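Engineer: These are the residues of each chain, in order.
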Amino acid sequence: MNLKELVTGVSGEKQFLLGNEAAVRGVIEAGVSIAATYPGTPSSEIGNVLSVLAKEANIYFEFSTNEKVAMEVAATAAASGLRSFTFMKHVGMNVAADSFMTTAYSGVRGGMVILSADDPSLFSSQNEQDTRNYARLANVPILEPSNCQEVKDMVKYAFDLSEQFQIPVIVRTTTRVSHMRGVVEFGDVNDNSSNNDNHWKRGHFKKDPSQFVPVPAFAGEMHVKLWDKIHEIETIANASDLNSEVNFASDKKYGVISSSSAYNYAHDVVKFNELDADILKLGFSYPFPQKKVAEFLSDLDEVFIVEEVDPIIEKETLATIGAKKLDVIVHGKLDGTFPLYHEFNSDVVGEGFNKILNFDENESASYSSSLEKLSQDIPSRAPVLCAGCPHRAMYYGINKAIGELGLKADDVVFASDIGCYTLGINPPYNAADYLLSMGSSVGDGCGFSVSTDQKVASFIGDSTFFHSGISPLINAVHNKHNFVLTVLDNRITAMTGGQPNPGIPVDGMGDEAPEISIRKLALACGCDYVRVINPFNLEQVVKTYKEAFERNDAAVIVSKAPCTLIKGLTRKPPVKLVEGNCNNCDKCVSELACPAISKINGKIVIDQSQCDGCNVCIQVCKYGALEAGR
Amino acid sequence: MDNHYSIYICGVGGQGIIKTSTIIGEAAMNQGLDVVMSEIHGMSQRGGSVSTELKIGGYNSSIIPNHGADMLLSFEPIETIRGLDKVNSETKIVYNTHPIIPSSSDKAYPSVDSITKTLKENFKHVLPIDGTNLAIDAGSVLALNMVLLGAVTADDKFPLSKDSVIDAMKNNLKPKFHDMNLKAIESGYKSIKG
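Protein chains in written order, with this note's numbering: chain G, 11 to 640; chain S, 152 to 345.
No lab work stands behind these hints: they were computed from the structure. Every value quoted in this text rests on a predicted model; they were computed, and no experiment measured them. Where is the CB? At the ideal position from N, CA and C, for every residue including glycine.
To be clear about the criterion: a stretch of chain G counts as covered by chain S if any three or more of its residues have a C-beta under 8 Å from a C-beta of chain S, and this derived list gives those stretches:
| id | segment |
| --- | --- |
| 1 | 187 to 199 |
| 2 | 268 to 278 |
Just a few of them, taken from the derived set where beta-carbon distance is under 8 Å, the chain S residues facing chain G:
| id | residue |
| --- | --- |
| 3 | V163 |
| 4 | G176 |
| 5 | L235 |
| 6 | K258 |
PhoX-like, lysine-lysine: derived pairs with alpha carbons at most 20 Å apart:
| id | chain 1 | residue 1 | chain 2 | residue 2 |
| --- | --- | --- | --- | --- |
| 7 | G | K613 | S | K258 |
| 8 | S | K271 | S | K344 |
| 9 | G | K556 | G | K465 |
| 10 | S | K258 | G | K383 |
Assemble the whole structure, with the sequences as input and the hints as a guide.
Structural biologist: Here it is as structure tokens:
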């Protein structure tokens with residue numbers, strides 16, 4: 011499919027779309043004018059697609075420096091009467107939370123939708139937090155699509171709901187919904203034509219401090235109004251088609267309540283095992299549709315609650331049973347029927363049902379011992395730093411400097427951050443000892459520096475530094491902390507698929523933009539020692555680290571070299587092996603762990619298709635067995 | 152259970168696995184069948200194992216249950232072994248015999264012959280193909296995914312026609328590669344059909 015179909019496609023047309031692409035079509039159908047994000051898997055492709063389509067779709071789109079800024083851009087757009095969209099991964103909500111919580115109080119004029127993508131089983135995240143808690147914390151409605159069609163439809167509907175009640179609305183996906191591909195039938199597109207010289211429509215902000223300035227006198231009243239809205243919206247949720255029964259049962263003994271991707275597993279287990287149970291699918295799950303749930307429960311003896319991650323519907327159901335004095339047994343996470351963590355699938359859900367219903371004789375496949383052995387003996391294939399990745403050179407260099415300074419591994423604490431460079435946790439680099447969140451490496455540097463006598467080496471990427479590394483660096487200087495901060499400036503937001511950031515001269519819509527200098531920022535924060543180095547010059551890397559470790563302040567080293575995955579870079583010729591010179595010391599294999607270098611049948615082999623010509627291995631080899639390609 | 156068909160596709164990041172799966176999915180949609188697919192993005196792509204799951208016919212979940220695949224299509228020998236949880240005694244196991252050896256690995260890479268021998272001892276339908284060389288013959292090693300796509304269409308139980316898969320291929324890949332891709336699809340098809 012050509013992505014432009016997301017803009018030009020007409021009502022009734024069908025496309026095979028990724029959940030994240032379906033979200034973009036929903037945004038386009040809703041007539042959104044302003045969209046902002048900070049990239050984060052599993053939501054990243056929404057931004058990648060919007061970045062390409064924004065102009066054609068009359069949308070202003072930006073990669074904001076962080077999720078809080080993105081939230082503020084969307085909130086003010088909606089306050090100005092435009093439809094606005096912000097989207098992020100679940101932990102992005104933590105960054106955005108301060109402004110998000112108040113947006114619930116002040117409300118909106120144009121529709122405002124926040125898509126937050128949860129990551130059960132932590133495919134690419136540091137935790138499994140459940141966005142549905144944020145709907146309750148802030149008191150805003152939440153919708154939970156379970157497939158690509160619903161993503162598109164619910165995003166569009168969320169804007170109507172938001173505008174009707176002047177309240178932001180959350181759409182919660184999970185990895186398996188965002189990264190599911192399925193058939194999506196398009197609907198009508200709302201007009202969002204521009205009314206000025208820009209390609210997007212401009213609104214007008216009508217002042218009303220009592221709505222938009224939450225000083226205590228106004229905020230107290232805002233909280234009352236928020237509850238009024240939520241009570242009204244609960245009526246809508248009870249009547250909504252998004253909360254509907256899927257009927258399989260002849261007898262009303264058992265029932266199932268489920269939402270999101272978990273619903274898919276519940277559906278398939280009930281359908282394909284011909285279980286005698288109806289399913290109440292909750293697509294509009296906060297305000298909790300208590301009346302509808304109570305009606306569903308009233309006929310049942312026992313109910314299964316199938317949900318990923320936290321037992322939220324389960325607790326709401328237990329509360330409903332208590333409030334309505336019903337007599338229904340609840341099987342969910344709390345009684346151990348289903349796991350309290352990690353994503354579900356049909357096997358996990360089937361096993362849970364089976365504990366109560368005993369419908370399936372468990373037959374395990376038996377294989378020959380040779381297969382059992384083969385399965386255990388296959389080499390692992392974990393994600394690795396790419397061939398030619400500048401981070402590898404920096405990790406090699408810092409470890410060499412530490413050795414030359416006579417320090418032991420335990421003498422240096424590596425405070426890591428969120429990005430590809432977290433892969434530094436793996437041997438041979440062993441360069442990640444502590445990690446909390448985006449930007450935490452800098453604040454963690456501050457803490458370790460006053461709490462221990464160990465040296466501290468903090469590593470952060472360019473995009474992550476702009477995201478939330480700057481204010482802790484000011485803290486480091488002002489409070490006289492002592493650590494070495496490396497900013498791995500690879501000229502891109504790499505791990506999420508290559509989005510631009512403020513350090514490069516291009517914005518989210520592909521236009522020219524001012525480039526912000528990390529070096530100047532570090533100097534402006536008050537750092538006395540700021541060095542910009544070429545990571546592929548190992549001698550310089552080692553020398554700079556040795557200098558920086560000898561200091562007693564917050565020293566900043568900026569490693570500046572582009573990510574090898576950036577499109578259009580000229581690739582240097584691959585490294586050649588001079589066989590006669592190789593003495594099989596394995597240093598290049600064991601100390602660099604480069605995917606282009608391996609040892610096959612006792613011989614070093616440079617994979618010519620993978621080698622990026624960074625030439626770091628040439629500088630590591632003591633025997634002159636590696637030479638630059640021509 | 153007519154027209155129910157689940158394919159687990161696995162290999163190494165960068166082998167064109169998502170594109171191959173998307174083509175099959177789009178072909179299924181064009182034939183009017185229900186289809187859902189699951190893919191892996193993000194950190195899991197940095198040279199690591201990659202898989203997609205594709206289910207045709209009446210399913211809501213895009214994840215194939217254990218032992219639920221009709222076909223295991225593997226782009227790399229040891230990734231076949233990693234995918235065996237999805238296999239049952241009737242599953243067609245189609246895999247490319249060209250290894251991609253992990254650079255820094257704890258364990259030695261087993262011989263491909265021993266993998267084939269062990270698989271044949273345990274399963275009825277074990278179909279190794281020299282996909283990488285067939286791709287090179289068709290014009291480029293990058294056509295490996297099209298060779299394997301051709302192999303999928305050769306399974307008698309596969310509910311889509313080869314023509315609709317070819318149409319979807321044309322809709323998803325650049326015209327200048329169509330001839331090479333057609334050749335690759337044909338050679339993959341023949342390597343199974345004989």
